[in-house]
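Student: For reference, the chains in residue letters:
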Amino acid sequence: MAPLGRAALLLAFGLVAYALVAGSYAAWKKRRRLALSAQNALIAAFPATLLASAVLVIALARRDFTFAYVAQHTSHNLPLPYTLSAFWGGQEGSLLLWLVILTGYASLAVWLNRRSRELMAWTVPVFGLIAIFFGFMLCFVSSPFHQQPAPADGAGMVPSLQNPYMLAHPPMLYLGYVGLAVPFAFAMGALLSGRTDERWIVATRRWTLAAWTFLGVGQLLGSHWAYTEIGWGGYYAWDPVENAAFMPWLVATAFLHSVMIQEKRGMLKIWNMILVALAFNLSIFGTFLTRSGVINSVHSFSQSPIGAWILGFLILMVVFSVALIYLRLPLLRTKTKLESLVSREATFLYNNLLLVALALTILWGVLYPVLSDALRGQTRSVSKPYYDFFLHTFGIPLLLLMGIGPLVAWRKASLRSLGKTFLIPFSIAVVTGGILVGLGFDSSWAGLLSYTFSAFVLASIVLEFVRGRSAAGGILKLVSRNRRRYGGYIVHAAVVLFAIGVAGSSAYQTISERHLLPGQSMEVAGYTVTYESIGGVKGADYTGFRTLLSVTGHGEHFTTEPGMNNYGPVVGSSNEASIYHDPRTLGDFFTTDSLDNAKTGRVDVTVLVKPLLNLIWVGGLLFVFGALVAMWPDAVEQRRLAARYAAGAAPAGI
Amino acid sequence: MEWGLALAAAIAVVAVVFVARPFLREPAPASDRLDELAPEERQRLSLAEERDRALDALKELEFDHRTGKVSDDDYRAQVGPLRRRAADALRALEAGEQTPREHVTVSDEPAST
Chain A
1 MAPLGRAALL LAFGLVAYAL VAGSYAAWKK RRRLALSAQN ALIAAFPATL LASAVLVIAL
61 ARRDFTFAYV AQHTSHNLPL PYTLSAFWGG QEGSLLLWLV ILTGYASLAV WLNRRSRELM
121 AWTVPVFGLI AIFFGFMLCF VSSPFHQQPA PADGAGMVPS LQNPYMLAHP PMLYLGYVGL
181 AVPFAFAMGA LLSGRTDERW IVATRRWTLA AWTFLGVGQL LGSHWAYTEI GWGGYYAWDP
241 VENAAFMPWL VATAFLHSVM IQEKRGMLKI WNMILVALAF NLSIFGTFLT RSGVINSVHS
301 FSQSPIGAWI LGFLILMVVF SVALIYLRLP LLRTKTKLES LVSREATFLY NNLLLVALAL
361 TILWGVLYPV LSDALRGQTR SVSKPYYDFF LHTFGIPLLL LMGIGPLVAW RKASLRSLGK
421 TFLIPFSIAV VTGGILVGLG FDSSWAGLLS YTFSAFVLAS IVLEFVRGRS AAGGILKLVS
481 RNRRRYGGYI VHAAVVLFAI GVAGSSAYQT ISERHLLPGQ SMEVAGYTVT YESIGGVKGA
541 DYTGFRTLLS VTGHGEHFTT EPGMNNYGPV VGSSNEASIY HDPRTLGDFF TTDSLDNAKT
601 GRVDVTVLVK PLLNLIWVGG LLFVFGALVA MWPDAVEQRR LAARYAAGAA PAGI
Chain B
1001 MEWGLALAAA IAVVAVVFVA RPFLREPAPA SDRLDELAPE ERQRLSLAEE RDRALDALKE
1061 LEFDHRTGKV SDDDYRAQVG PLRRRAADAL RALEAGEQTP REHVTVSDEP AST
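Just so you know, the sequences run in chain order A and B. Quick note on my numbering: the first sequence kicks off at 1 and runs consecutively. Quick note on my numbering: the second sequence kicks off at 1001 and runs consecutively.
A portion of the hints provided could be inaccurate.
What the hints assert, rightly or not - Derived pair list, reagent style BS3-like, types lysine-lysine, alpha-carbon separation capped at 25 Å:
| id | chain 1 | residue 1 | chain 2 | residue 2 |
| --- | --- | --- | --- | --- |
| 1 | A | K264 | A | K384 |
| 2 | B | K1059 | A | K30 |
| 3 | A | K335 | B | K1059 |
| 4 | A | K412 | A | K264 |
| 5 | B | K1059 | A | K420 |
| 6 | A | K477 | A | K264 |
| 7 | A | K335 | A | K420 |
| 8 | A | K477 | B | K1059 |
| 9 | A | K29 | B | K1059 |
| 10 | A | K335 | A | K412 |
| 11 | A | K477 | A | K538 |
| 12 | B | K1059 | A | K599 |
| 13 | A | K337 | A | K412 |
To be verified - Residues from chain B shown here face chain A by an in silico Cβ test under 8 Å; the list is partial:
| id | residue |
| --- | --- |
| 14 | A1015 |
| 15 | P1029 |
| 16 | A1030 |
| 17 | D1035 |
| 18 | S1046 |
| 19 | A1048 |
| 20 | K1069 |
| 21 | S1071 |
| 22 | R1076 |
| 23 | Q1078 |
| 24 | V1079 |
| 25 | R1091 |
Since the hints were made in silico from the structure, they are not lab data. These figures come from a predicted structure and were not determined experimentally. From the three backbone atoms N, C-alpha and C, an ideal C-beta is built for every residue, glycine too.
The task is simple: from the sequences and hints, build the whole structure.
Tutor: What follows is the structure, encoded as structure tokens:
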């Protein structure tokens, strides 16, 4: 089995190397058959990588410990789904996942756009350039097919990874990270070929949206995993590896908005190229952070010694993209100017500046400890207050812009029109803010502003649908005629739910921690928590305890059972939080504990009451729905674009 | 593991044939030149993009006017120039088709060449 896996990887490496070298030569010398041959090599690399992946999956399923990778990440007792998830649980497997997704995406994207040969001629070698790095790593530096004499049992899996969310969280993130390679390859291909028209944007529009959606869903799943599994009661800790996924998502969000300005006004060509390159390079940076171990992280289980290789590749890609954009500046400059600072495109521009500023301040927060250590030998850390400050500074105005944007017309808007369109949302926001102040929500200005602006945004979105429905003659007609716009509004509504959930569960949460003996009680936010009893639990690969806590208050009675699992001396132990979802507040009653004294049964109980938190997860579902609406193909639009790009074809009619 | 290597070799052969396919299908082509957009075609694309932008902008303007986002005065001020832009782009496209080698510059958008 292992030789087959190695051979498949070598074949894939050879194919992507050919796609890079032969493809570049063909594009340079304008050789049609050689360019097609390079394109075929890139497409053939996908089944070869898929075969290597199948070999690893079979080895994992059979728990074949002659594969060092399988022995290092699984054990006989590990349930099968988690055993299979070890594919992306370690360094070699995750590199293979990168390559298989990359070659899969590249094959499909190249195949779908095969008729645009001039653009494809240079896009194929760019894909080859990215793929050759991962192929090289897998063949010569970090192979998942290294063999050894089989030990009696494997080392097992880190307990925090043994969670259903971990079956989906890493693949989703990888689908997002790698997905950003598609717009990058097409953008660089466009620059290399001199095709700086909108062809590359049309080709990658849905790919970008899909990658962005995967990245968003991956982060939400990761947040849910952190919340339910790590046991500290939060869902986002500004951990460097979490930030690593958040930064490209922010930049991709900026790109999804700014690319509309290029499509509608022919502006921002340079800016869009910069955003595409930045998003992709941040995704490589994310891989570097996750795998290098240069920074302490809750993801430290994923650290490995290949960081230097990834850093080298990152530097190469940054230099490549910056040099290419610089060299092609004359082709990217346009004469079209912004007509007014009060227009839809201007609000998109402000949103872009805020999104990129937020991404860059997060990047500085991640880099500062590394640079401080490397240059001054000082150990520094950037903690929550830094990130919270910039999230409030840039995030709250961004929230407001989400409500302003839909109300402002393209090109320019007069004060009279603005007064008319803003009247209802503005009034709703003022009334909401007043009521919230009256109810005492001014204890947190960030929370108060988030709630008030959320009311403004929701009102503006509802108004858009109501007015649009009247004009279009029905909600389905309205949405189907402009899926991107109305899908986007649904996503905006999801972001509002995130904002309300985050504000409620952080600005207005209550935390309490107490030592309790059986029979003792504690008071938290109007609830009485009584420690009833303690008992042991046993699973396939762990032993542990659970305490029974009964909770009464606010007219409710429920129980929670927090505890801990012990997976043995090698793997360690994990907190097992117990969470009650309160339908009344849409929030959670979150409990964890640790055994303080086994003889007396004394435990340290931590309780967090987090209002409105579940809106974050509901928002996640709405986010996916909105993204699907925006992505859904529009036959009329596709026919129009096909006519535009058919060489020598007649122009489409009005 | 010999079967594994044999399978790998078979897959490699299939891959090589697939990669060589363009040369096998056309051993002696009339032209091996990679398709490249002529300057006229680039100009046509630029005009087609300009036309689509102008038509999109007109549609947006009509819709925003109907939903009350654009006042009557703003609508009247914007609709004329947008219609002229769309008409100019259409005329330039038609002229380009009739005289494909003629260099047509109607748009305010520079050609991408």
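Student: Which hints from the list above does the structure break, by number from lowest to highest?
Tutor: Of the numbered hints given earlier, those the structure breaks are 1, 2, 7, 9, 11, 12, 16, 22, 24 and 25, listed in rising order.
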